[in-house]
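Colleague: With chain A's structure known, arrange chain B with the ligands on it following the hints.
Just so you know, the sequences run in chain order A and B.
Position one of the first sequence corresponds to residue 1 (my numbering), numbered consecutively onward.
Position one of the second sequence corresponds to residue 1 (my numbering), numbered consecutively onward.
Check before you lean on any hint, since a few could be wrong.
Quick look at which bits of chain A chain B covers, simulated, 3 or more residues with Cβ under 8 angstroms [to be verified]: (1) 297 to 311; (2) 352 to 364; (3) 393 to 399.
Derived coverage of chain B by chain A (criterion: at least 3 residues anywhere in the stretch with Cβ under 8 angstroms from a Cβ of chain A; other residues may be distant) [said to hold, decoys possible]: (4) 99 to 108; (5) 265 to 277.
A short, non-exhaustive set of chain A residues, derived as facing chain B with CB atoms under 7 angstroms [what the hints assert, rightly or not]: (6) Leu64; (7) Ser111; (8) Ala379; (9) Gly382; (10) Phe384.
No wet-lab data here; the hints were simulated from the structure.
Note that CB positions come from ideal geometry on N, CA and C, so glycine has one too.
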Amino acid sequence: MGEKETRILGKNLIELLEKFGDIEIENVEIRAEELTFLIQPVIRSLAQAPQLVPRVVEKEIEALLEAEFSPPIEVYPGEIAEVQIGATKSDGGSRRKVIKIGGAKTMPFYSFEATNQNKPVLAVDVFDMPISLAKAVKQHFKDVMEDPADWAKKYVEDFDADIISLNLISTDPLIKDTSPKDAAKTVEKVLQAVDVPLIIGGSGNKAKDPLVLEAAAEVANGERCILNSANVDNDYKKIVKAAKKYGHIVIAFTPMDINNQKKLNRYLLDEGLPKEQIIMDPTTAALGYGLDYTLSLMERIKLSGLLGDSDLQMPIVAPSSNAWGARESWMKSEDWGPREYRGPLWETITTITVMMSGADLFMLSHPATVRVMRKLIQALYGEFDSDQRIQDWITEIEG
Amino acid sequence: MSEKATLLTVYQYLPQINCGECDVPSCMVFASKLLNREATLEDCPPLKDPKYKVQMARLAELLAPPIKEVAIGVGGNVVKIGGKEVMYRHELTYHNPTAIAIDVSDKMDDKKIVERCKAVEAFTLVRIGEYLKLDMIAARCASKDPERFALVTSLIARSCKLPLILCSFDPKVLKVALEKGEVADRRPLLYAATEDNWKEVSELSKKYDCPMAVFAPNNITLLKSLIKTLEAIGIHDMVMDLGAYTDGRLLKETINNLVMVRRAAIQRSDKDVNYPIMAIPATVWIGDKLDPMTTSYREAYIASLFMNRYADLLIMHTLDVWALLPVLTLRQNIYTDPRKPVSVEAGLRTIGSPDTEAPVLLTTNFSLTYYTVANDIESSGIDCYLLVVDTEGLAVEVSVAGGQFTSAGVKDLFSSVGIEEKVKHRKLVIPGLAARLKGDIEDTTNWEVLVGPRDSSQIKGFLAKNWTIN
Ligand code: B12
Ligand code: SF4
Numbered sequence: 001m002g003e004k005e006t007r008i009l010g011k012n013l014i015e016l017l018e019k020f021g022d023i024e025i026e027n028v029e030i031r032a033e034e035l036t037f038l039i040q041p042v043i044r045s046l047a048q049a050p051q052l053v054p055r056v057v058e059k060e061i062e063a064l065l066e067a068e069f070s071p072p073i074e075v076y077p078g079e080i081a082e083v084q085i086g087a088t089k090s091d092g093g094s095r096r097k098v099i100k101i102g103g104a105k106t107m108p109f110y111s112f113e114a115t116n117q118n119k120p121v122l123a124v125d126v127f128d129m130p131i132s133l134a135k136a137v138k139q140h141f142k143d144v145m146e147d148p149a150d151w152a153k154k155y156v157e158d159f160d161a162d163i164i165s166l167n168l169i170s171t172d173p174l175i176k177d178t179s180p181k182d183a184a185k186t187v188e189k190v191l192q193a194v195d196v197p198l199i200i201g202g203s204g205n206k207a208k209d210p211l212v213l214e215a216a217a218e219v220a221n222g223e224r225c226i227l228n229s230a231n232v233d234n235d236y237k238k239i240v241k242a243a244k245k246y247g248h249i250v251i252a253f254t255p256m257d258i259n260n261q262k263k264l265n266r267y268l269l270d271e272g273l274p275k276e277q278i279i280m281d282p283t284t285a286a287l288g289y290g291l292d293y294t295l296s297l298m299e300r301i302k303l304s305g306l307l308g309d310s311d312l313q314m315p316i317v318a319p320s321s322n323a324w325g326a327r328e329s330w331m332k333s334e335d336w337g338p339r340e341y342r343g344p345l346w347e348t349i350t351t352i353t354v355m356m357s358g359a360d361l362f363m364l365s366h367p368a369t370v371r372v373m374r375k376l377i378q379a380l381y382g383e384f385d386s387d388q389r390i391q392d393w394i395t396e397i398e399g
Numbered sequence: 001m002s003e004k005a006t007l008l009t010v011y012q013y014l015p016q017i018n019c020g021e022c023d024v025p026s027c028m029v030f031a032s033k034l035l036n037r038e039a040t041l042e043d044c045p046p047l048k049d050p051k052y053k054v055q056m057a058r059l060a061e062l063l064a065p066p067i068k069e070v071a072i073g074v075g076g077n078v079v080k081i082g083g084k085e086v087m088y089r090h091e092l093t094y095h096n097p098t099a100i101a102i103d104v105s106d107k108m109d110d111k112k113i114v115e116r117c118k119a120v121e122a123f124t125l126v127r128i129g130e131y132l133k134l135d136m137i138a139a140r141c142a143s144k145d146p147e148r149f150a151l152v153t154s155l156i157a158r159s160c161k162l163p164l165i166l167c168s169f170d171p172k173v174l175k176v177a178l179e180k181g182e183v184a185d186r187r188p189l190l191y192a193a194t195e196d197n198w199k200e201v202s203e204l205s206k207k208y209d210c211p212m213a214v215f216a217p218n219n220i221t222l223l224k225s226l227i228k229t230l231e232a233i234g235i236h237d238m239v240m241d242l243g244a245y246t247d248g249r250l251l252k253e254t255i256n257n258l259v260m261v262r263r264a265a266i267q268r269s270d271k272d273v274n275y276p277i278m279a280i281p282a283t284v285w286i287g288d289k290l291d292p293m294t295t296s297y298r299e300a301y302i303a304s305l306f307m308n309r310y311a312d313l314l315i316m317h318t319l320d321v322w323a324l325l326p327v328l329t330l331r332q333n334i335y336t337d338p339r340k341p342v343s344v345e346a347g348l349r350t351i352g353s354p355d356t357e358a359p360v361l362l363t364t365n366f367s368l369t370y371y372t373v374a375n376d377i378e379s380s381g382i383d384c385y386l387l388v389v390d391t392e393g394l395a396v397e398v399s400v401a402g403g404q405f406t407s408a409g410v411k412d413l414f415s416s417v418g419i420e421e422k423v424k425h426r427k428l429v430i431p432g433l434a435a436r437l438k439g440d441i442e443d444t445t446n447w448e449v450l451v452g453p454r455d456s457s458q459i460k461g462f463l464a465k466n467w468t469i470n
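Next up, chain A with everything else stripped away, as it sits in the complex:
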């Protein structure tokens, strides 16, 4: 007996019996006991009389049967902490406005069961020296790459970025070895050039980053910037101390492991940094280069937080501009089509995927991604109406 017949026997027979009472069963004789078996539990009938395959001849159904659907709502015991980025004059800073992330009560965009007040936020990458960038990105910033302040300004004015992510890569001893003091000057300059909040990133050098971030934290006193990043390889205690002293937020970075993320968060909490001043970076791998790991990792982290694990209840940042590390995004190739489109699309799809998995804040590179994500997030929050008609798509698609 096939699976299909089993199912017909099971579900529908019961339903039909209930509904109509008078179905006819052709070709089979069913004794009363067997009918009981059929109904409860259905499968026992198979054990008793596997040779029975009643053919159900339905009464004509004229009108649609009624149905009801109640949204399958879940209530989570936990909630993600809300982090306020940037400070206005009244809070001791000089930013135009405060940006909030986190505070989620459910998974991303499950608005049928709860509203996640704060929308995902778009930060963009700026570097303190010209670096090699994919051609598709570079073409937009050629004229401003010499000066991070101009670069930041262009992003804010022309492309409406929420946050500038300033990467002080020239501080790397192997690059220019810019001193923490000089790096801090760059931070000051950028703070003056734009009125959006900043993410301040080091070069990734374990020894130097804490010093650079400390100096930057000091000049940005009261601005509620985000320091990128504290991790187990560097002197995270120094970074935490600076964040506490000057009122900043710290990114806790771990490479792709939920338990290590939890551990690091715990360390930061133990140093006295509250949840409201921590953002997690559990690593964002590019589309085609480990995005599957990131997707599942973020979903697990977000679910754990919602289910009450207080060590994982911080918002998540995703440097999804990592997408540009994938060859498919930048490499010239006849087979893959024009990279001017392929590149930003690679970043856009990487970003959408991490957003659906739980990221709250993105670091992006290409203006097209910024534009698309902005509109998409507004749509997903139902912020504008749509008069889209798809009823007749079969006849109305052009081409």
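Modeller: For chain B with the ligands alone, kept in the frame of chain A given last:
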């Protein structure tokens, strides 16, 4: 069904003779493999004995995934969709990758139709040793003329073997296509039953034994009502279309709808919505004065959004490679098994025709790493030996950091493939990202180790500069 599939309930219906024919030592172990979807009932030969017929049926029932699997097409040209078990990929793994259909309109001229079908069928991109392909053709009756549509479906049927979707809300159009359009024996998906036409479409579905789609845009209650009714009249292969809106508030609702029906089916056992979901990103092409590049871009990310939210089947319009490549790559990512890294066999690969002085290069057995490196070397025309060390399927840096990439592993590999008999020199190029293993490998193998570039695309230049034998 009240009984839950647990280790014991599954075990209880197995032969319990521990014969080992399934390649595991006992029926209990086999039960756990069944539960983890690492084995199917087919893998237990004794179960096929008629005396286990009842048990077999029970097991099939017990192990049926919460989302029904629906097959479209016949014979070797079938696409299976649905069959999902979980809400989140990390809970088990997602089965049956999202199928992608490309639309063909009956308003296109015949030549274009044939070309388009052939292009869809031939479309292939190779990524990490896998073929990324498109799966189906969705024939749209845009002309509203049944005769024209039937002609076009014949044309499609003759141009390609792909499984088909016949799209029209007019049952007459579907009927004529099934009668004269040379597609009835291919088991196409009939798209779609609506509030108005469900009777006629369901009759066709029954008569021709075709799966059918149910269209209830932004209306789950109507969808349920349709499915309930159709099930009552004996239809069991359905695909649900809740209308995939792509903009504004309606997009928000669409995403909510998709999550709600999937959760209702998987977690609340709502049997009226336990069918695969389809979505139609091609709707972004409605309207005139569209810029084709921007619209392809949009279609691609909308498709990705729906793929992230449970779409089992997508109908798309663009055929631009740059737009499809990331969508197909995303599908490849989402549908990998999170329980094990995708790996290749360790061992020795011969690239080109290496002689006894040819370079020997080392890489890991993570598929992504191996194929990237192998392609780079091949495309730059180098003759060499490529040693693939078993790092449990991990990439270079990951396995160096995690301790799976070791000099002992390299040494074992050397002797198992007999590399010392194949080349006269004793020089090995290792990945730049494994630089820290240089000393160790030199000590254990007595070979000289050259630290190569960090990215394999630089290998050619590196060898030209550094590979000498004296
Ligand atoms: C995906 C990923 C994972 C996945 C692994 C997937 C897999 N199957 O390998 C998971 C989640 C499991 C993971 C785990 C860990 N990861 Co991880 N992971 C990554 C990530 C994001 C991408 C790695 C990748 O797939 N690269 C793509 C492949 C193709 O690259 P590849 O193998 O290196 O090959 C290239 C080159 O090496 C070179 N090449 C390869 N072979 C050859 C041969 C020759 C001759 C030459 C010349 C060149 C060459 O060319 C290739 C193409 O460019 C990187 C960050 C990043 N963006 O790079 C971190 C990263 C590698 N991970 C890191 C770490 C620390 C870990 C963990 C140790 C963390 C932990 N949780 O404890 C674990 C280790 C687990 C273990 N080993 O037991 C660190 C490594 C830091 C370091 N330098 O030591 C990284 C760099 C992240 C970071 N920035 O900190 N990780
Ligand atoms: S083949 Fe079947 S009967 Fe034999 S051990 Fe495996 S599960 Fe048990």
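Colleague: So, for every hint listed, does it hold in this structure?
Modeller: Hint check:
Look at the segment 297 to 311 of chain A against chain B: 3 of its residues bring a Cβ nearer than 8 angstroms to a Cβ of that chain, three or more, so the hint holds. Counting residues of the segment 352 to 364 of chain A whose beta-carbon sits less than 8 angstroms from any beta-carbon of chain B gives 4, enough to reach three: the coverage restraint holds. With a cut-off of 8 angstroms between beta carbons, the segment 393 to 399 of chain A has 7 residues touching chain B; three or more are needed, and the interface restraint holds. Check result for the segment 99 to 108 of chain B against chain A: holds, 3 residues qualifying (beta carbon to beta carbon below 8 angstroms, three or more required).
Given a C-beta distance limit of less than 8 angstroms, the hint that chain A covers the segment 265 to 277 of chain B holds, as 6 residues qualify and 3 suffice. With a cut of 7 angstroms, the hint placing A/Leu64 at the interface with chain B holds, because the nearest CB-to-CB distance is about 5 angstroms. With a least beta-carbon distance of about 6 angstroms to chain B, the hint placing A/Ser111 at the interface is held under the 7 angstroms criterion. At a threshold of 7 angstroms, the smallest CB-CB gap from A/Ala379 to chain B is about 4 angstroms, leaving the interface hint in force.
For A/Gly382, the interface hint holds, since its Cβ comes within 7 angstroms of a Cβ in chain B; the closest pair sits about 4 angstroms apart. The interface hint given for A/Phe384 holds, since its Cβ lies 5 angstroms from the closest Cβ of chain B, which is under the 7 angstroms cut-off.
Comparing the model with each earlier hint shows no violations; every hint is respected.
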